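If you want the building blocks of each chain, they are given just below.
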Amino acid sequence: MANLPFIAAIDAGIHQEMRRDPSVLYFGQNMATTENHDFVKAYGHDRVRVTPISETAEIGIAIGAAMAGFRPVVELYMAEFMLVAMDQVVNEAPRFRYMSGGQVKVPLVLKAGFGFACGWAGQHTGSLTALFMGVPGLKVVVPSTAADAKGLMATAIRDDNPVVFLHHYLLTLEHGEVPDGEHLVPFGKAEVRRKGGDVTIVATGWMVPRSLAAAETLAKEGIQAEVIDPRTVAPLDLDTILKSVAKTGRLVLVDQAPRHATVAGIIAGDVAEQGFASLKAPIVQVIARDATVPYSEPLEAYVIPDEERIVAGVKKALKGGR
Amino acid sequence: MANLPFIAAIDAGIHQEMRRDPSVLYFGQNMATTENHDFVKAYGHDRVRVTPISETAEIGIAIGAAMAGFRPVVELYMAEFMLVAMDQVVNEAPRFRYMSGGQVKVPLVLKAGFGFACGWAGQHTGSLTALFMGVPGLKVVVPSTAADAKGLMATAIRDDNPVVFLHHYLLTLEHGEVPDGEHLVPFGKAEVRRKGGDVTIVATGWMVPRSLAAAETLAKEGIQAEVIDPRTVAPLDLDTILKSVAKTGRLVLVDQAPRHATVAGIIAGDVAEQGFASLKAPIVQVIARDATVPYSEPLEAYVIPDEERIVAGVKKALKGGR
Amino acid sequence: MSVQAPNAERQIWIYTQMLRVREFEQRVKRTFTDHPGVIRGHTHLADGAEASIVGSLAHFKPGDAALATYRCHGYPLVLGSDPKAAMAEIYGRADGLCKGLGGSMHLTDVKRGFLGTSGIVGAGIPHAAGAAWAAQIRKKGEVVFSFFGDGASKQGAFFETLNIASLWKLPAIFVMENNGYNVVTTTAQEDANAAAGEPLSTKAKAFAMPGVTVDGFDPLAVYATVGEAVERARAGKGPTLIESKVYRLSAHGNIIAPPGVPLHYPEHEAITVFGKREEYEAALRGDPVPRFRGILVSSGVLNAAKADEIAAKVGAEMQAAVDFALKSPFPRLESALDHVYA
Amino acid sequence: MSVQAPNAERQIWIYTQMLRVREFEQRVKRTFTDHPGVIRGHTHLADGAEASIVGSLAHFKPGDAALATYRCHGYPLVLGSDPKAAMAEIYGRADGLCKGLGGSMHLTDVKRGFLGTSGIVGAGIPHAAGAAWAAQIRKKGEVVFSFFGDGASKQGAFFETLNIASLWKLPAIFVMENNGYNVVTTTAQEDANAAAGEPLSTKAKAFAMPGVTVDGFDPLAVYATVGEAVERARAGKGPTLIESKVYRLSAHGNIIAPPGVPLHYPEHEAITVFGKREEYEAALRGDPVPRFRGILVSSGVLNAAKADEIAAKVGAEMQAAVDFALKSPFPRLESALDHVYA
Ligand SMILES: Cc1ncc(C[n+]2csc(CCOP(=O)(O)OP(=O)(O)O)c2C)c(N)n1
Ligand SMILES: Cc1ncc(C[n+]2csc(CCOP(=O)(O)OP(=O)(O)O)c2C)c(N)n1
Ligand SMILES: [Mg+2]
Ligand SMILES: [Mg+2]
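Chains as they are written, first to last, in the numbering used here: chain A, 1 to 322; chain B, 1001 to 1322; chain C, 2001 to 2342; chain D, 3001 to 3342.
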């Protein structure tokens, strides 16, 4: 075990796989521009390269290299930058295996940060997870701890399908205990971050620590919230959520995105279909207010769900009935 | 009233607005390439132009022209083609008014067909509506009748915000009665296509006629389904849906997209939060099977929801209880 | 660097492959009338581009790769794919190259180095560059062929990719089949170089990359030009942009219509949209397939008898493909859920 | 076509505007140390580009428009925006140009023709072309200035837009501020022309558009070059691509860090990443602001006293902007929900 910041844990996961598998490539903008670059020193310029600001070509090149037998990891920095290449992400990478009748596989990882709500304003602060969640052939990973960041990155690299790896920028420097040796975290297994019998909270990314903080506040009032972190939203471990709801009967979904752009809403739809009998009260969504993220600090804080709103959401779920 | 095919009704809506407002522009690929082109003849090349295959520039140019006082309508043919320009659609057009503190407005219409499930296979048959639904600042229109196609297009052109106008390609030649003179259909007002007290069906685009057909079949068995067509999903007229569910207690959402990519799932989430008390049974989603759309005819039909599966979904909703 | 002309035997091979592509696609086209409803969606024929396709792929070696667009029937046939499997795919049958999941726009045959085709204009160009990066890492002198249209050179993916390919000296050959049209838009209507009377290969200057324009109706000219580019690429000297001037001898594709409307191939847009029948007929008079046959016969490489023999053989081969595909069963319904994930 | 050099008064105006931009941004930079926490997110300074910005916008007339990137503080100041409102926006206050909703990366002042700025690289280039189309339709000889960086010329939006702009003869001036870097990537590391020792203006050839390279540290050279392009555009002769060679005198932006870590401006990447202190110091010795002051003094256009007077006036103006912005209140919380829809 080593105590590492989130960002170092991701790198550790990439190193782990590049060391064992020479077919893993790592490239993107504003990396590997000198010989001193960590990954360049370790693996050389054949496998580690800087690219121009050309996301469409970057991701397209990753697809071609993957079809030709490699496992590229593309550094994209911010999830929004994938939007200029959205066709490659949702209508190319996940399509080729299927359209070829299983002849090719497209193992690649698109690494991008998101949700950097600290003054980056309208075009750099989005929470776009839901955009990638419903594409057959595509997997989507959203780690919330340093250990998962390493383990899910390693699993993403070994996966034979395209994977969007979304790490929350506000967690970048959060430290956590990370297993030293080979560490892999399976896809499709949610983690119960806190046990509780009164209400179920589901959250991803930065909303996980916020929800845990809210849960502690609620505990002081004798309310025990179970906090579930899906860790991967495609595949989504609905069973773990349904089991918890079967126990608590109440569900609060926390999401940094605005209404109709959330993972929360999508999970709510699944539970309303498959866990309806367990529900004792309306499913509550604690999500961003309906606006582009504003620059000014108090306004930004007003738009994004905070501990207080999560607590209020839980109380609403507890009050609610049929 | 004139009996027009869907496609002609859309043109009628564009003509109606171009005639009355010289600031309306219409351009895109593979149109206006000769002087005989209907719109070129009527409005000239200043306002009607053919573009290269450059969606990012096309939509970006529409944004700039809109900020400079015009009302561009961009012909994009297929919704997937917007993916190469997704940044312009979701992270540029809807942002400028907000980020400028209300100084600019960006009135434009992105016209695109979708869901052409007739052998167009993996990259041209998607139902991407949900991708655009949760973007503050963006409006999304999905007509299912010729009359609405004209009236919603006209309203979209007059709207001062960016509007994604998604017409279902399989409806292209469907005829319908279309009002002759000025015709406008308001945004945010769902239409109850069929009244019924036993179950509520919500569907958009081509799934509307399929749901109505299913409703007729069910009627023969004495089951009266109410079929609601939201017509615009942003803004979404949740009230009309909630009112119906308050009456029927049972909700079936029909959508051509696969799980976690549907408007259905998002509406289910809203109803599970705001209409929970009315629900007598789990919300049923009748949606595409989880695959890229295959080419082969029987497989394509197998993947996409048909009348039979809608009927089955309704019966499931009727059987279901708490 | 100059490429040796193909010997007689190789010239006959080139002609035979051109004819195979033509005969295959004529049957695809005839299927719309002979067997209505058997082909759905949108098909795109390569007639007019056969000399360009074969002259290019004549340089293909095992280990090389090729990627293309929705207009993709010709390449795999030249690379050795079974016409039966190709036709079965276009008919949506279980014996298709892609098990009926891909269709006409997405023929793929990895065993023969035909890696994939994108139906999104320009989107396949970076895929080819990625495969070329793989080849560069492997250091076996393998190259990648990227085929796309003139219209694709107006899509961001084209520019972004060629810059990187040149910068990284990737072993790629970018073959732009300039047939003068993007559906119903002429090149001069959408391309600033064309509007200024400049060749589209001029765009290579934006990437400090060699750019060449060649007569795509002449398989030997294409052979020489692409051959040089392939030598450069194999030698690690980087990519080349080749503008191969061809002409579509059919419409862009079959008509686009919802189910119920019988699909068919209309006349070429030069006639239906622009009323330039003469432009089309001039192109037809230059049809590369009969033209090359004539050249081979007059140069004595081929005699009429041998040529007829080839034609008969090829015709029979392609007719067998149709017969096979018509008999091939549809895939199991559940197979629609195969291959979503690896 | 050649542009008359600016007269003495105009030269003094140019110098004054350059100084205004510099003095404003030095205070933005100092805010990180003087008032920690007041500026959040990411700011990007134009220091080193002042001569290019002012030499270009000296040709701006009422009715013209300008669009730029996240590195956007200079343009509106030159176009007449109130520095108080600009600083208040960067501080996220209610009196900001954009009411605190936009911030440093999105300064906008429509009344002065500064239409908008995109934080997405290359994305603003087509917006400028769209505004130019509007100007073309209006037929009043209005033009649109599009400012972007060297790195943006690797983004598809750049290529797609310049092709259309040339094809449509749009009245646009595309000013690429080539500061040699995309964050920590040098131009030669990401651009095939640069790697081949060619100017980036070479890319104009892909669009049959005039392309010129100019010394962006020399406001009079920029004035002449952009002036010609503006004349062409106003005359309906179409767009021009201008590569203006500048150098960032600060780092790309303040450090990127989550809340809790105090933000500051590190040294330039030439030093911190590449260890090329000499490259940076050479650029600093050519700093266009003191350099132009020197030129004006030695040419007698300006005497030292007058120059000091200007400096004092500008310094006071910009200090007042800081004082005003610090006192400006934060916006009402509910105002976060204003202006989502028109
Ligand atoms: C991004 C995108 N935009 C539009 C289309 C629709 N489309 C399909 S083929 C085509 C024409 C392409 O022309 P060209 O590149 O010259 O190839 P050709 O068909 O002439 O061989 C267009 C516009 C598409 N498939 N992808
Ligand atoms: C599409 C996209 N990719 C990446 C980024 C991240 N980014 C912001 S500024 C920048 C550098 C741009 O360099 P250049 O165009 O030369 O402008 P400069 O900052 O040097 O003025 C990058 C890569 C972005 N904003 N948008
Ligand atoms: Mg073409
Ligand atoms: Mg730069």
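Careful, some of the hints might be misleading.
[To be verified] Just a few of them, taken from the derived set where beta-carbon distance is under 10 Å, the chain C residues facing chain A: (1) 2127; (2) 2144; (3) 2163; (4) 2167; (5) 2328; (6) 2329.
[Stated by the list, open to error] Derived EDC-like pairs: lysine to aspartate or glutamate, alpha-carbon spacing no greater than 16 Å straight-line: (7) A:315 <-> A:182; (8) C:2169 <-> A:46; (9) C:2140 <-> A:46; (10) B:1105 <-> D:3338; (11) A:105 <-> C:2267; (12) D:3139 <-> B:1046; (13) C:2205 <-> D:3198; (14) D:3276 <-> A:46; (15) C:2276 <-> B:1035; (16) D:3061 <-> D:3228.
Since the hints were derived computationally from the structure, they do not count as laboratory data.
These numbers come from a predicted model, not from an experiment.
C-beta: ideal position from N, C-alpha, C; glycine also.
Hints, one by one, checked against the model:
1. 2127: With Cβ-Cβ at 4 Å, under 10 Å, it holds.
2. 2144: Holds. Min distance 8 Å.
3. 2163: holds, 6 Å
4. 2167: holds, 7 Å
5. 2328: Where the cut-off is 10 Å and the nearest Cβ of chain A is about 14 Å from residue 2328 of chain C, the hint is violated.
6. 2329: Violated, because the Cβ-Cβ distance from residue 2329 of chain C to chain A comes to roughly 15 Å (cut-off 10 Å).
7. A:315 <-> A:182: Status violated; Cα separation ~42 Å.
8. C:2169 <-> A:46: At roughly 12 Å apart (the allowed maximum being 16 Å), residue 46 of chain A and residue 2169 of chain C satisfy the hint.
9. C:2140 <-> A:46: holds, 14 Å
10. B:1105 <-> D:3338: This hinted pair holds, its Cα atoms lying about 13 Å apart.
11. A:105 <-> C:2267: violated, 39 Å
12. D:3139 <-> B:1046: holds, 10 Å
13. C:2205 <-> D:3198: Measuring from Cα to Cα gives roughly 10 Å; hence the hint holds.
14. D:3276 <-> A:46: Cα-Cα ~25 Å, so violated.
15. C:2276 <-> B:1035: With Cα atoms ~14 Å apart, residue 2276 of chain C and residue 1035 of chain B stay inside 16 Å; holds.
16. D:3061 <-> D:3228: holds, 15 Å
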